[in-house]
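Asks: Okay, here's what each chain looks like letter by letter:
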Amino acid sequence: MSLIDLLRTALRSVSTNKLRAILTMLGVVIGVASVIAMLALGNGARAAVEATFQSLGANQIQIGQRFAMEDGELQPTGKTLTFADGLEMLSTVPLVERVEMSVSKTVKARFGKNTVEINTIGTTADAIDGIVSSGDVQPVGWNGDASFSAQDLLGDGRFFSSDEVYAGAPVCVLGYQTALDLFSGDNPIGETIWVDRTRCEVIGVITELESTDVQNRYRSDPNEGLLMPISTVIQTLYDDEPSVYMVVHVKNANRIDEAKEQITSYLRQRHQIEQNADGNYQDDFDMTTRNDILGQQQEAARTFSLLLAAMATVSLVVGGIGIMNVMMVSVTERTREIGVRLAVGAKQRDIVSQFLLESIFISASGGLAGIVLGILAIPLAAALNQGVALLYPGSVPLAFGVAVLIGIVFGLYPALRAARLDPIEALRYE
Amino acid sequence: MSEPVIRTEKLTRAYSMGASVITALREADLTVHPGEFIALMGASGSGKSTLLNLLGLLDRATSGEYLLEGTPVSSLRRDELADLRGRRIGFIFQNFNLLPRLAAWENVALPLAYRKGEFGVQDQLSRARETLSRVQLEHRAEHNPMELSGGERQRVAIARALITQPAVILADEPTGNLDSKTGIEIMHLLKELNEEGRTIIIVTHDLNVARNASRIYHMLDGVLNESEWAHVAN
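Top to bottom, those sequences are chains B and H.
Using our numbering, read the first sequence as starting at -13 and increasing by one per residue.
Using our numbering, read the second sequence as starting at 72 and increasing by one per residue.
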């Protein structure tokens, strides 16, 4: 029988028992939807990690003071991670090449009659290079493919130097919007503004920036804020020594784990952290590398994926058995029809094809419905997983293939049974 | 004389039932020439269905030989038998055996559909329509069997048996499920077809039906005998 004839036969047979076919499909629908959602979670985790790769280089370690839940609130633990800790780390830990440090504080900035409440970030002198290399922002209208330099960001001003950072110089660099708010369009360079109760000289204005990630643009305005040497911020804007956030650059990315150990023992020594009775250390700092983020993301995604994989397997097997069951019933119901077909010249493979195609038709339809359901369920999976889920394009053909395979595997036995019927018995069947 | 359509020699079919063996057909010798109209009579259980199944290639003989248009069939594989059956044999059943989900023309075209690559859908349709017009049912081509009367159904079934231009048409009690008036019409049609040259073997226990045949065979306990009776009846 030609494929068109076979397809017509299968379609007609399924459509005469629509409800039965739809109920039979359910298992496959759920199974396939689970496969889609499962792969979307894995893919989302991968995408999230890739996004993190951009901001955190392979040779970088983030260090911050450890926070713990206390009385229902997140509280810093142990000793403050200080600016001095960072400076000393640079000079004593062999694998450390560079330490970027920052603190941030909300301040009132004033020039003349204009006052704005903004975020001040105290940084080291290489922060401007950090902005360039992060890839998070670009000058407005910049061609995304071309690279830009620190000077491209600063126009006719300049950023503060390492010497100014060491000296705690009273200088600052303004964000584009903040400069507009304070100076109403006049040139701010060389002017002195008040930052809380500290005077500081404006030495540069960062050009207008936009987020490179279009979807991110509404979230935060990179043009509001001001940058000052970290030492200046610590000395003049804080009463007590604040905790700093560090990004440590390691000399060799391959030795990053070794560097972590060196930094850990250095900080334990500096913060006088002793082994407790159980042989553990109560560290008061947290270190994060790209691999750590990768591990966390994958861990979360893996647990949930495993659950979905189990669900997919169970649904697909149950769905397959359902198809097999319905096909057995169908073969029995149509025994006489099979006899007639054999009598008019149908070969065994014609009968096998007919029933196999019917079960594939059911499972493939279930597969298509499952793909749609799975895509619709992706946001739900993401929410339950508290993570990201992103449709993995390859999962669509894969899931469809699985559905077809289910139809073949579970349809084969009923189809073979149909084909092996004795034509005489089949014709006589009531 | 031309080559016989059907020739059987000592055709035997035995079934084993546990320890005992039941011989449903015993050394039947039958020769049917083109254009003949044979009636096969006998009580139920006499073996006529067994013989018909063997002639229709639906069953295999235990011993003896059967030549269909000169071809010995005992050595053919199942699919070869199916192919030969589809091309050279037309079946007409007592209960019509039409497929309920198919339109009349699709039922008629079914034997063509199983000849891989030989007939496209359009080809099937036009041939089915032609054949339906031979049984005066062209106007019912799109109807489902459920929408047809008994006589119409049997005419659709006859068209299905005719469409392949088979060597022989095997009719198993074709009027058994019809009222007598319709039965007579169907017999008329079969007789017409025979006069056009179709070879027909009909199983019946209705003497009025058998009367249309050129020769009548009787079956009794698995033994086939030609009856002189037909000549008397005619």
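Possibly wrong hints are sitting among the right ones.
[Claimed, not checked] Example chain B residues on the side facing chain H (calculated, C-beta under 8 Å, incomplete): (1) V102; (2) E103; (3) D142; (4) R144; (5) R276; (6) L280; (7) T321; (8) V326; (9) D336; (10) L413.
Simulated from the structure, these hints should not be mistaken for lab results.
All figures in this text were calculated on a predicted structure; none of them were measured in a lab.
In this text, a Cβ means the ideal position worked out from N, Cα and C, and glycines have one as well.
Asks: It remains to establish, for every hint, whether it holds in the given structure.
Replies: Now the hints, each set against the structure:
Hint status for B/V102 relative to chain H: violated, with the closest Cβ pair at about 78 Å, above 8 Å. The closest approach between the C-beta of B/E103 and any C-beta of chain H is roughly 77 Å, which is over the 8 Å cut-off, so the hint fails. Restraint check, B/D142 versus chain H: the minimum CB separation of about 80 Å is more than 8 Å; hint violated. At about 81 Å, the closest approach between the beta carbon of B/R144 and any beta carbon in chain H exceeds 8 Å, and the interface hint on this residue is violated.
With 8 Å as the threshold, the beta carbon of B/R276 stays out of range of chain H, its nearest partner Cβ sitting at about 60 Å, so the hint is violated. The interface hint given for B/L280 is violated, since its Cβ lies 56 Å from the closest Cβ of chain H, which is over the 8 Å cut-off. The beta carbon of B/T321 is not positioned within 8 Å of any beta carbon in chain H (closest approach about 12 Å), and the interface hint is therefore violated. Taking 8 Å as the C-beta cut-off, the interface hint given for B/V326 holds, the closest approach to chain H being about 5 Å.
Contact between B/D336 and chain H, as hinted, is supported at the beta carbon level, the nearest pair being about 6 Å apart and thus within 8 Å. Checking B/L413 against chain H by beta carbon gives a least distance of about 7 Å; that is within 8 Å, so the hint holds.
Hint violations for this structure: numbers 1, 2, 3, 4, 5, 6, 7, all remaining hints satisfied.
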